[in-house]
Structures are given as structure tokens and as C-alpha cells.
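Engineer: Each chain, letter by letter, is given below.
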Amino acid sequence: MPAGAWSRLGKWRTFADGVALVLGINVWVSVVLLPGSFVGAWADPAALTAALVPLPVLMLGLWRRSEAVLLAGFPSALLLPVALVPEMASAHVYGLLRFSIVAVGLVAYLMSASFFTSFHEPPPPTNVRPLSSSRQPVPPRWRRRFRIYLELTILAVVCPLVLIYFANFHHTNQAFMRTMFPGRVASMTTMLDLLVIALWLILYSYVFLGVLKPHRTGDRDLAGQLSRLRADARRGRPRPAFYVAMAVALGLMAILLWSRYF
Amino acid sequence: MFFEILSLSLILGSIFFFYECIGYLAHRDYAAAIILMFIGLAVISVAKEMARLALVKKD
Numbered sequence: 018m019p020a021g022a023w024s025r026l027g028k029w030r031t032f033a034d035g036v037a038l039v040l041g042i043n044v045w046v047s048v049v050l051l052p053g054s055f056v057g058a059w060a061d062p063a064a065l066t067a068a069l070v071p072l073p074v075l076m077l078g079l080w081r082r083s084e085a086v087l088l089a090g091f092p093s094a095l096l097l098p099v100a101l102v103p104e105m106a107s108a109h110v111y112g113l114l115r116f117s118i119v120a121v122g123l124v125a126y127l128m129s130a131s132f133f134t135s136f137h138e139p140p141p142p143t144n145v146r147p148l149s150s151s152r153q154p155v156p157p158r159w160r161r162r163f164r165i166y167l168e169l170t171i172l173a174v175v176c177p178l179v180l181i182y183f184a185n186f187h188h189t190n191q192a193f194m195r196t197m198f199p200g201r202v203a204s205m206t207t208m209l210d211l212l213v214i215a216l217w218l219i220l221y222s223y224v225f226l227g228v229l230k231p232h233r234t235g236d237r238d239l240a241g242q243l244s245r246l247r248a249d250a251r252r253g254r255p256r257p258a259f260y261v262a263m264a265v266a267l268g269l270m271a272i273l274l275w276s277r278y279f
Numbered sequence: 002m003f004f005e006i007l008s009l010s011l012i013l014g015s016i017f018f019f020y021e022c023i024g025y026l027a028h029r030d031y032a033a034a035i036i037l038m039f040i041g042l043a044v045i046s047v048a049k050e051m052a053r054l055a056l057v058k059k060d
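From first to last, the protein sequence lines stand for chains S and E. FYI, the numbering for the first sequence is 18 to 279, going by our numbering. FYI, the numbering for the second sequence is 2 to 60, going by our numbering.
These are computed hints drawn from the structure, not numbers from a lab. A quick note: this is a predicted structure, and the numbers were derived from the prediction, not measured. Idealized CB from N, CA, C, for every residue including glycine. All the pointers check out, no bait thrown in.
Short derived list, chain S residues pointing at chain E, Cβ under 10 Å:
hint : residue
1    : P255
2    : F259
3    : A262
4    : A264
5    : V265
6    : M270
7    : S276
Just chain S, with the same shape it has in the complex:
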């Protein structure tokens, strides 16, 4: 590989690391430092120590260029001080405008870390001969695949934001929390946020990505599954899951009726 290509690659990676570092520090300041100062959390040495933990995690992720550390480790470390001082995540600390700014910063960091750490391919060679297929239009299956990637990205941004907005800022929910948990609204709202994130991760993994898994990992599993389905269909009978679901539905309806009217 020519020296110029190595130099360009080095400069590009340095730029990528710099952008991820700046955006990561921005997230740390807006999620940890400012809310903690606002609620006076830094008088507690344990909270102060927990607040400093995300910084070495971010540095480690940038040094190792590790997706796991940057996309899972650093955001999880940001929750450590919030777990010790739940008031940091309460609705009165985050107004709607500030919540929007922090959300944009967090999404920008996650996208940049995801985008920049995905450059594993070598730099372009000096001589390039275009393939004949490159002059053809993009096949429909690839256009379909790009559409799905875009939709998954939009879902990953919009759904958690909407859920967290309703948990923290919707007046009906907040009034309900104040009625049900007087004096503990901040901690219960923080727990609700964690539950919302966990629910979204489960939905995303099993519902949205789960459906696409056979396509992502190749068609062999899908073909095997289809042949099993055809064998089942030739028998002309539904699978045992059908009978189990039917029995569960009827049993639960009976329980509901019995508990209401007897």
C-alpha cells in the first residue's frame, strides 16, 4: 500500500476519533455534569467518583476503537451517577427544550460512534478498474435492504425518544406518578426510564431485528424452515402451538368470567 494512502487513512481515523471524543464529552457534560451540579450531587464523594467513571470508559473505547465499549459501555457508565442520585434524571431538571437538546446530542454521539467504528475496510487502491455490474442500476433487493436499514435507524431514534418523553413529560403520567408515589417521583421516574429502555431493547431485538435475522444470516435456515412448514402443511394440521394458544385463550377467558361474575 502506498505511503500516501496510509497517511490519509491515519488522518481520517484521527478525525473520526476526535469527533467521537467531542460528542462523547458533550453527552457526558449534558447527562452527568450539568444535572449533577443543578441538584448539588457532587457534595457526595461516591456520586463524584461515579460521575468520573464514564470518561476513562470513553477513552478506552476510542483507544481500542471498540463498538461494544463505545455503544454499550460508555452509555451504561453514564447511568452510574444517575443510579446513585436519581434526582439528576427528574423532569424538573430536564425541561422539554433541554431534553430535546440532550437527545440530539446523544443520538449524534451514538450515530457517529457507530459510523466511525465501522471503517474496517482497507483504503482504496491506486488503480481501480470498474466492474461491468457497477454500471447497472442498484438491484431492487439492495434498494429494499437500504430502505429497511433506514427504517430501523428511524425506529431506533424515534421510539425510545417518544417513550421517554411520555414517561417524563406527559402531564397525565406525571400527575399519576405524583399521586401514586408522593416524595419518590424522581426515583420512580428514573426506574420507569430504565424499564422503558429495557422494553425497547427487547422489542427491537426480538420483534424488529428478529424477523430480519433469517435474511441477515443467509437463506439456508429460512429454506430449511420453509421445507418444514411445507411438510407440516402436507399433513393439513396446525402445529401444537395452535392448540396450546387456543387452550390458553379459552382457559383465561373462563378465569376472567369466573372472577367477574361468580
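Chain E: place on chain S using the hints.
Structural biologist: Just chain E now, kept in the frame of chain S:
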């Protein structure tokens, strides 16, 4: 065609159970809401089996 109609009807039926579940949640009758949620899930599982049979028969 029979399996398609049956599957669609069951899916609509499961939506009815989920709708009722929300109603019970609004009245803070959590036990009934959970039972209705599981009924909805069970009915949608039955609908899924019907839809699968319809697809495979068409294939």
C-alpha cells in the same frame, strides 16, 4: 381464502382484547388487564398459525 379470512378475523379479535385491556388498565383493574393481555397474545398466536397455513397452502 378461508384461512386468510379466519386469520384476519382472529387478528381483529386480538385487537379487541388489547383494546379492552387498555380499558381495564384505565380503571386500574390490573389483574383483569393482564389476563386480557395474555388472551390477546394467545388469540394472535392462533391467528399466526392460521396465516402460516394459508401462506403455505398458497405456495
